[in-house]
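2 protein chains.
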Amino acid sequence: MKAVVVIGEILVEIMADAVGDGFHEPMALSGPYPSGAPAIFIDQVAKLGQPCAIVSAVGDDDFGRLNLDRLRRDGVDVSSVRIDTNRPTGSAFVRYRKDGSRNFIFNIRHSACGFLQHSDTMEATLSSADHFHVMGSSLSSREFVELNVKSALSVKARGGTVSFDPNLRKEILDTPGMREAMMQILAATDLFLPSGEELTLLTEATDDRDAVRELLSMGMEAIVHKQGAGGVQYHDASRNIVGPAFQVEEIDPTGAGDCFGGAFIALWLRGMETDAALKMACAAGALAVTRRGPMEGTSTLAELDEFMNTTKRLS
Amino acid sequence: MKAVVVIGEILVEIMADAVGDGFHEPMALSGPYPSGAPAIFIDQVAKLGQPCAIVSAVGDDDFGRLNLDRLRRDGVDVSSVRIDTNRPTGSAFVRYRKDGSRNFIFNIRHSACGFLQHSDTMEATLSSADHFHVMGSSLSSREFVELNVKSALSVKARGGTVSFDPNLRKEILDTPGMREAMMQILAATDLFLPSGEELTLLTEATDDRDAVRELLSMGMEAIVHKQGAGGVQYHDASRNIVGPAFQVEEIDPTGAGDCFGGAFIALWLRGMETDAALKMACAAGALAVTRRGPMEGTSTLAELDEFMNTTKRLS
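In order, the protein sequences belong to chains B and D. Going left to right, the first sequence walks through residues 1 to 315 as my numbering numbers them. Going left to right, the second sequence walks through residues 1 to 315 as my numbering numbers them.
Treat the hints as calculated values from the structure; they're not laboratory data. Some hints here could point you the wrong way.
[As the list claims (entries may be wrong)] Every beta carbon over 10 Å from chain B, so not counted as near; a handful from chain D, in silico:
1) Lys98
2) Gly196
3) Glu249
[To be verified] Reference listing, derived: stretches of chain B covered by chain D, where coverage requires no fewer than 3 residues with Cβ under 8 Å from a Cβ of chain D:
4) 19-30
5) 61-69
6) 100-107
All values reported here derive from a predicted model rather than from experimental measurement. From the three backbone atoms N, C-alpha and C, an ideal C-beta is built for every residue, glycine too.
All chains should be built: construct the whole structure from the sequences, respecting the hints.
Have a look at this one:
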């Protein structure tokens with residue numbers, strides 16, 4: 001089976017229990033929940049039985065151990081997660097507002113996972129990848145960008161595949177060299193997984209249809225355009241497939257896109273037929289929003305089967 | 001009235017609701033509470049109406065604003081609290097164990113308040129001090145040690161006074177130059193405020209009575225030895241005074257020593273008779289342990305009077 005590798009942040013998330021605006025006074029909170037977009041993604045990959053690893057760092061604290069225990073239990077190879085004795089594990093405080101938007105307080109860039117330290121173990125993990133996933137949120141410094149570009153190109157050079165979830169803010173593209181790095185990654189991408197407006201973030205085209213054509217012309221095999229409760233749209237050279245979302249009660253959407261991506265890539269790598277893989281990945285995304293906590297909603301194959309048998313899809 | 005200045009960390013504290021060992025799984029938490037030993041200390045000084053300021057830094061986030069709003073509301077001059085747009089406000093997660101001991105996860109050293117940035121405003125604040133308080137927990141880097149030593153010596157040179165709460169772990173004394181810096185601070189100290197075993201932390205003497213004699217011989221006016229629920233022992237050249245604690249139900253002891261110190265110093269600076277000042281400072285410490293949250297238990301003069309009139313002292 002093909003091994004999936006991702007580089008990026010491992011965090012704990014602390015959630016406000018009640019909706020409202022920010023953290024201006026003491027309130028009821030829940031946590032620490034294991035988190036970090038690439039960590040959620042790779043946990044979902046592992047739960048489907050795919051061999052996989054994450055390159056990251058955590059502090060020498062309970063927050064780091066909580067994440068390592070969870071990832072290890074679910075089958076992720078964490079041998080390339082460095083334990084930093086100097087910096088704490090990263091954290092994100094999140095509070096939902098009434099309108100569904102979120103207020104965050106992050107400690108990521110100056111936390112353990114904000115720093116790369118090259119090692120033989122890390123090189124071995126990266127060299128073992130048959131598939132490399134680039135998570136845009138992890139392109140937080142020039143070093144991370146460079147390592148992602150290098151890893152994507154080297155996986156491609158040895159016949160592997162690359163997926164790319166842009167998951168990044170427009171402002172980041174203004175960092176010197178960032179847009180060029182993104183174009184290098186796009187050129188190496190087999191599966192592109194943008195959400196909503198990210199479809200046109202890196203294209204010259206500003207409307208969706210032209211953007212799809214432009215992206216496919218760069219050599220990628222397919223684009224899976226995530227649209228939250230609106231489901232997904234799959235595009236390749238010959239087909240456009242609409243993947244409707246499942247009808248669920250939304251508890252906590254954080255991490256749903258990462259669960260969708262992890263599931264779709266694992267199923268695509270093992271050659272599952274596209275319609276079936278899209279349906280199952282939509283189920284993974286839907287199940288994720290029904291659970292409180294960003295990584296609490298990752299699913300096994302059996303859980304996805306059970307869910308698909310008992311849940312309606314929106315049309 | 002004499003102005004009190006302190007340098008040191010401003011944090012938010014996040015508390016586990018249930019006692020237990022560490023943070024190995026998601027749990028009910030409360031926070032963010034304003035915190036940081038020097039911040040709690042100076043908030044108590046301000047609540048007694050003493051002019052005072054803190055030199056520190058917070059992130060450009062709700063955790064920073066929460067602290068600044070609280071300190072400002074209570075009367076602390078926060079003009080020398082820098083807003084760091086790059087680093088987050090410091091944080092401390094705390095969970096009490098059954099035996100009353102605490103498990104912490106800190107993000108301080110790499111947070112906003114872990115870094116000093118000299119400015120004219122800061123120099124003006126430090127120059128305005130009639131009394132300078134050294135908080136041992138804030139001696140976290142050579143720069144902080146140097147600024148504390150320099151500030152203590154310069155307040156003394158212009159006829160002011162210095163207090164020192166060692167509040168530090170023994171291991172810190174092994175840092176090169178640290179013990180020498182502590183001795184410089186001790187030599188400038190008028191009021192020394194150790195807790196428990198800290199009385200002998202910096203002395204050659206290993207028993208309490210000899211340590212008191214050794215410390216007084218260095219030129220300090222008085223030692224107030226804090227002993228938690230055991231009350232306090234005051235020592236100067238001519239007197240030993242026992243200050244019994246008040247009888248309260250302990251909810252959260254964090255910050256009680258800082259409240260005691262802040263109250264005692266404010267009252268001492270305005271020339272209150274020692275017995276009365278000790279009693280009122282004990283009341284401030286006692287009130288602090290009855291409130292959940294480290295800075296929630298600071299008190300005004302009226303609150304202390306009311307409390308002393310209605311609460312028994314242990315003997």
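Right, here's what the structure says about each hint:
The non-interface label for Lys98/D is consistent with chain B: the shortest C-beta to C-beta separation is roughly 17 Å, beyond 10 Å. For Gly196/D, the requirement that its beta carbon stay farther than 10 Å from each beta carbon of chain B is met, with the minimum near 26 Å. At roughly 20 Å, the least C-beta separation between Glu249/D and chain B is larger than 10 Å, which holds for a residue marked as non-interface. Counting residues of the region 19-30 of chain B whose beta-carbon sits less than 8 Å from any beta-carbon of chain D gives 9, enough to reach three: the coverage restraint holds.
Counting residues of the region 61-69 of chain B whose beta carbon lies closer than 8 Å to any beta carbon of chain D gives 6, which reaches the threshold of three, so the coverage claim holds. Taking a C-beta to C-beta cut-off of 8 Å, the region 100-107 of chain B contributes 4 residues in contact with chain D, enough for the three needed, and the coverage statement holds.
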